[in-house]
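Protein chains in written order, with full-length UniProt numbering: chain B, 1 to 315; chain H, 1 to 315; chain E, 1 to 315; chain L, 1 to 315; chain W, 1 to 315; chain V, 1 to 315.
Honestly, the hints are just simulated from the structure, not real lab data. Treat the hints loosely; a few may be bogus.
Where chains are identical, the list cannot tell them apart; a pair therefore holds if satisfied intra-copy or between any two copies.
Under the rule of at most 25 Å between Cα atoms (straight-line distance), these lysine to any residue pairs were calculated in the SDA-like manner [unchecked claim]:
#	residue 1	residue 2
1	K172	E109
2	K205	Q247
3	K205	D254
4	K205	T296
5	K205	A290
Here is how the chains run, residue by residue.
There are 6 protein chains.
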Amino acid sequence: MFYHVRELINPIVADEPDPSAANALQEGLGGQFGEMRTMMQYLFQSFNFRGNAAPYRDLIQSVGIEEISHVELITKTISQLLDGSPRYQGDKFATPGAGGEAPMDMAKEQMNPHHFIVGAQAALPVDAAGNPWQGSYVHAHGNLVLDLLDNLVLEATGRLQKCRIYQMSSNKTLRSTVAFLIARDSAHQMAFAKALETLGVNWGKILPIPAFEASDYPEVQALIDAGINRQQYHFNLESSQLATIFQGASPANDGTELEALAEPEQSYPDPGAPERPEEFSPGLDPELQALVDALTDYKETTAKKAAKKNGKKTR
Amino acid sequence: MFYHVRELINPIVADEPDPSAANALQEGLGGQFGEMRTMMQYLFQSFNFRGNAAPYRDLIQSVGIEEISHVELITKTISQLLDGSPRYQGDKFATPGAGGEAPMDMAKEQMNPHHFIVGAQAALPVDAAGNPWQGSYVHAHGNLVLDLLDNLVLEATGRLQKCRIYQMSSNKTLRSTVAFLIARDSAHQMAFAKALETLGVNWGKILPIPAFEASDYPEVQALIDAGINRQQYHFNLESSQLATIFQGASPANDGTELEALAEPEQSYPDPGAPERPEEFSPGLDPELQALVDALTDYKETTAKKAAKKNGKKTR
Amino acid sequence: MFYHVRELINPIVADEPDPSAANALQEGLGGQFGEMRTMMQYLFQSFNFRGNAAPYRDLIQSVGIEEISHVELITKTISQLLDGSPRYQGDKFATPGAGGEAPMDMAKEQMNPHHFIVGAQAALPVDAAGNPWQGSYVHAHGNLVLDLLDNLVLEATGRLQKCRIYQMSSNKTLRSTVAFLIARDSAHQMAFAKALETLGVNWGKILPIPAFEASDYPEVQALIDAGINRQQYHFNLESSQLATIFQGASPANDGTELEALAEPEQSYPDPGAPERPEEFSPGLDPELQALVDALTDYKETTAKKAAKKNGKKTR
Amino acid sequence: MFYHVRELINPIVADEPDPSAANALQEGLGGQFGEMRTMMQYLFQSFNFRGNAAPYRDLIQSVGIEEISHVELITKTISQLLDGSPRYQGDKFATPGAGGEAPMDMAKEQMNPHHFIVGAQAALPVDAAGNPWQGSYVHAHGNLVLDLLDNLVLEATGRLQKCRIYQMSSNKTLRSTVAFLIARDSAHQMAFAKALETLGVNWGKILPIPAFEASDYPEVQALIDAGINRQQYHFNLESSQLATIFQGASPANDGTELEALAEPEQSYPDPGAPERPEEFSPGLDPELQALVDALTDYKETTAKKAAKKNGKKTR
Amino acid sequence: MFYHVRELINPIVADEPDPSAANALQEGLGGQFGEMRTMMQYLFQSFNFRGNAAPYRDLIQSVGIEEISHVELITKTISQLLDGSPRYQGDKFATPGAGGEAPMDMAKEQMNPHHFIVGAQAALPVDAAGNPWQGSYVHAHGNLVLDLLDNLVLEATGRLQKCRIYQMSSNKTLRSTVAFLIARDSAHQMAFAKALETLGVNWGKILPIPAFEASDYPEVQALIDAGINRQQYHFNLESSQLATIFQGASPANDGTELEALAEPEQSYPDPGAPERPEEFSPGLDPELQALVDALTDYKETTAKKAAKKNGKKTR
Amino acid sequence: MFYHVRELINPIVADEPDPSAANALQEGLGGQFGEMRTMMQYLFQSFNFRGNAAPYRDLIQSVGIEEISHVELITKTISQLLDGSPRYQGDKFATPGAGGEAPMDMAKEQMNPHHFIVGAQAALPVDAAGNPWQGSYVHAHGNLVLDLLDNLVLEATGRLQKCRIYQMSSNKTLRSTVAFLIARDSAHQMAFAKALETLGVNWGKILPIPAFEASDYPEVQALIDAGINRQQYHFNLESSQLATIFQGASPANDGTELEALAEPEQSYPDPGAPERPEEFSPGLDPELQALVDALTDYKETTAKKAAKKNGKKTR
């Protein structure tokens, strides 16, 4: 059973909109090696887990739970990169294209026009070439050794593609999220590699994939300095055997030590998103808005009543 | 950010394996109107939410979080229906097909051979006709009224299809999960219909869709008696404005009252799944199993150490 | 602009339900060489036609218009083959699965469970293996010679596959529709082959594809005797240059003559389809049914009023 | 059975070519909520209709027949936007790229190169991101209430996306077709909403979706003034019960009245499309062209003969 | 540049037809981890290879070339399993379904009716659930370490799935081909694992995946005894650096030695396939057959003339 | 069984990188009518061939084998067009994006960002709109006449699309490969048309499709002068009956004669591809590179030993 807090696993850094950077980042969300796949692959593997090797199940599941938060983070990052891009200052209740003007004529020549036609300047479950995500991306072979090896390839590919995307734009909104995901993909490579190490594999010096000098990627270096690339969180509200495997010397054989934690040390506010009248989003006209406002004003009283009525605490 | 407990939102009832019932139930998991879609659609809508109408965002998101637990439940139900189906009693470390026998020759004529070739007698992210789930199933229009109406259609279709699947087998494993999902789809119809009611719609007597006499579905009736079909949970570890909308008379106009809660009143143990040597699952041979056993024995000590080292409590 | 009459281009012959025959026939509807493709391919080619060779455009378009009626015919044939299959005698307003019985447990082991879960014992836009129809099936190359040759291959493949389906069941509902489509695919082969003949090709004895002795398919022979396989209809309410090409000796070089007509000499009643309570179809409960009945009773008066109000005749 | 006249349901207004506007408009043709889907969805629903509620079947079918004419209109609009874009003045029988020049080198950087490689500067059955149309877009649930609600969502989404596309270009060819489709999508929303109103729903003020001030879209306002957004045509050559439902006060509760007609009051000439030698379209060389010319000259005589021979009038 | 001999890399053993076994084996041909993918993945990786590490390129390419021969072998095995299944003894030139009989009514209930409708009792480029093969299965990351690791996962998954298929039928046609592919997948695992070993990885005892006692699969054991699972062939008509890597102790650390060869020591005759009149295959009627026979009789003279005329020896 | 030489069937001519030309050329590789389809279609047809008409099987197969070499050629041509495009001069072992610079920020706005994110500036198995290749493109009907006609349409479409691509860029790398493929597609049209001619068809003057004056395409004219468009190679290391059919007057009825050969008269060196550090390709860091260098230095000794040990000559 799953729970949520309305906070992000990493901050979204403000910068100018950049719709083609947003489109490149879609690969990290809805691509064959993106966060939607990692999330689904690890959840399916842990739900379908056979036998008694609980520490391995917990390790796979802990990464899977984290990936839901990555989907949340990357979705919001893409949307922010698309938001008002390029800038359009619509007034609330002003009609988009009032007077027959074409405020969105930039939209028809962006990398993926669906960002403007299908979504309202927001992320979609597709890759950077516009292909929808597919269930066949999920590999849950039901064989533990193979699943771990497949997961390692998945994390290595995810990290490789994000290293390439990092270079495609110096936009800070893009880079801060991508750098965080590069660091976490490193940690996840370590998780699956360490599990295989317990079964006898020695990885030599090939990890993490790809090899690069982190000091040249300042945002990544900062996260390494904070240890983000060698921690794993279990996100379980009760207990987890993650630490049975994820501890001791890193399988990268680079002298670092792995560290298992319940959750990240910090979480970050969700920046929200403004209305976009040119997209009819949320699209409430004055009459409907009045109804919503009345309801929202009413909320505090109601919330209190509901809490009392429920007679039951949040976990 | 997301969290987990290793418990289920509804119990999985034991019965005989039934692989064609498992295949029918795949529609409820990976079908165009299944739980993978509801989960992704509501999460995308809530992540991409524009404007200040927080109660509506919280309502959509609360259903989205619940759907992850539905994916967990239905995946495990399908796997149990497939597990050893029809029964094959392999000994651990006995070679599957020892002596050239063909213990899985039932597999080649089951509804979806992928359950046995690609998965290890386990659920897959596909529908009942074997088509992989697609990202294009996710509708996040970015227009609040339209998103709510789309969600109502989605829940109505999900419920219609599950009512049809209910009739396809009297297997108790199938029926207990399907009945629970029918009851919850009713609650979700109420959630989106109520939100539209706050914007001025009166639904008359058309809800819930499809219309049927619950007393003829005993498992559903029991859940209705317990109020499961008129509750909604927010699953937020901090707070939620769900109850601002989800309260008062039901939009089905049937005299019942809606009730918002933080989470279900009870949760249920995960039954786990045995090894399947004929599927090489988990596929550890004696040598690798010895390594795993050593690690698992080691776990208590390690777990304690890790807890101490982390110096940090689970939320 | 398009018009309709609620009559069929060929009669649907009554016989027992046969769901696997229905599934085979899906290939003729939603398969890569089925009627949905022929319809869309010829409409796209005629809408996108370049240049002044109007007789060729009219010939392509006339076949395209006919294919919409084939989609209508084959859809209704499939649905009739699925209708109550195997027989389930539900009473109106009796709850499906009343008392927990499982009236549809045959459904989970039919060739495509979607016929029962997604559709209500009715045709779907998919092929015989359950794959959804795709826009990429449509070939509109924009080169007249190539489009004609592609169309000939399409008709030959459609006919070949229907000849194979004919042999898969002796069900009369299946065979009468399939035989009609075989005869019409022959006529369409002649249409495209004749157009190429006007450009200088001589087809020798290879047409129609595949070669077979029609006298062994009695339903086909009857249609040949009636000349159905050498007629083409233009279905245009004004005029058409179809007959400029479609006339004279058949390109099959078999001594027959082609004949262009405005429309088939006869049309046939639509048999309609009964309610299926086990599918919640149409799913009106007594209360909603009363509203519908009131409306339907009201219809004659209304229809007269509307006619008067419109002050305008149907074409 | 279906018929055709070679006239358009709305005029195509001349303006400069605009290939990226053409690509955006593809969403309205081959997108998940485009005209190919509405056409197929309503035809399938009406072909598969169960029970006796004929007015509802006729209402759904009437919209379905109209959508075929929308596919015709939007296809020809896209092709006109692509035609010679940017302008290339090839002479007939002049070799494209004569002397090794590259007259189409603009093509490789257009939004969808398939418009130039696969089609001959013509519409394709794909969406604005280049994804082929899919049969799974068609929803025919077989439950009347649900089908009507699904259709309402479909029309609302179609209208929302077209309102966004309208803003993407001030090209008159684009805007006149899009404005017409916006007005018709409004009428179709009214059709399905009214049908649900007869079953007891009151829509308040949420229709049509999205809400906007039509006076700011001059082309749409002109159509509203002509009543195009509150008419529905049945296109049946015999009779229809459409008017039983589609009459009286609009379900938008805006004081307007619905009006059922047999067909639109006017139809418009098809502009045709010129040859494009750079696309080898139609691609007849002088020798083949001579054959075609001979045939076309022959046509009047032949047409007369054929008419006499057929001895049978067009309906 | 590629060459061919009309011989097979392994013999096809005769046994009864078994269409559901044929369908299971489709996974090994057109599945996500089947031979079409391995062939395309390794060819793309070798064609796109960057840098100077020629032995690694040659190793990848040698496996890729072999996989074309595997596609040939598995295609012919599937077709043989489908051939006349269940037995139908049509006479040449006898019309299928003569007299209205239905000789193929078994076909409509086979696992994939496409084997009988689309193919003529022959293999298709699809998987065991009927999904067409997709280009997105091909992984060519352009990073050597990652490509090698991905290839290892691919070979391990291919072998796991074939071990499961082996158990699904005791049919000798199926088992002999599957056993050969299991042995070769082992060799290919060794190839990629050895390449990673040269970069510093020690695989311990996890290879090959899955672990099983070969002596229980007699057909596999025979191939192991012959050394088939530790050989690799380069299939290059000139030279290859494969042996630079593929030599010495096996990375399975089981005491065996790897052996690089130019090609397999033996090749095997292609059994051919008989006519199937019920499938209209090859579908020549007596008239066309006479033309073909005349041509074939003529062949020896012609072949000699051609050889003389070409004045050029086969390589 | 298949063999290879590391040489190309046509030279790759050097010119500047041109990523949008590379993307257009993807249609010729992974498009619905590209070389991956021709290769797979002809191989499947020849593997599944029924009956005794060996010359026809050999003709189809000979083209199929050639197409593998076309896949090789076009893949390498696309990769060269993408290589360092636009030019980026990374030093080996220099970190891509060192110092936070964005050397690949051109990449995010290229036609298909996958060329830079998923591949390392290299060809992918997709079409020019980014859609992955699909198995359903392969047509193997199992009816000889139909297969030949389908193949003729395929070759005509391939040639038409390449003629359009030729005009999209004057880049010499693109044009030399495209011109070669146009000439070979002509030869393949002749092959299938001639086979149909032996069955009685007379093609008049419609071939090859499309019609154009080759003298205006200088690269094509040069190949015609060399006879490339009227030769066919069988690529069989033993023997072939290709020449039984492919001989005598061309079915284009243009006065030329067909010529069957064992293989092309010349083959060409593979240009190889340099390292791309910005893509982490091959991605060996100094430590791993040292291991590779040691191995490569070792190769000559090893190669000799291996040759001796194998005791077996390459064919």
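Fill in: Structure versus earlier hints, numbers of those that do not hold, lowest first
none
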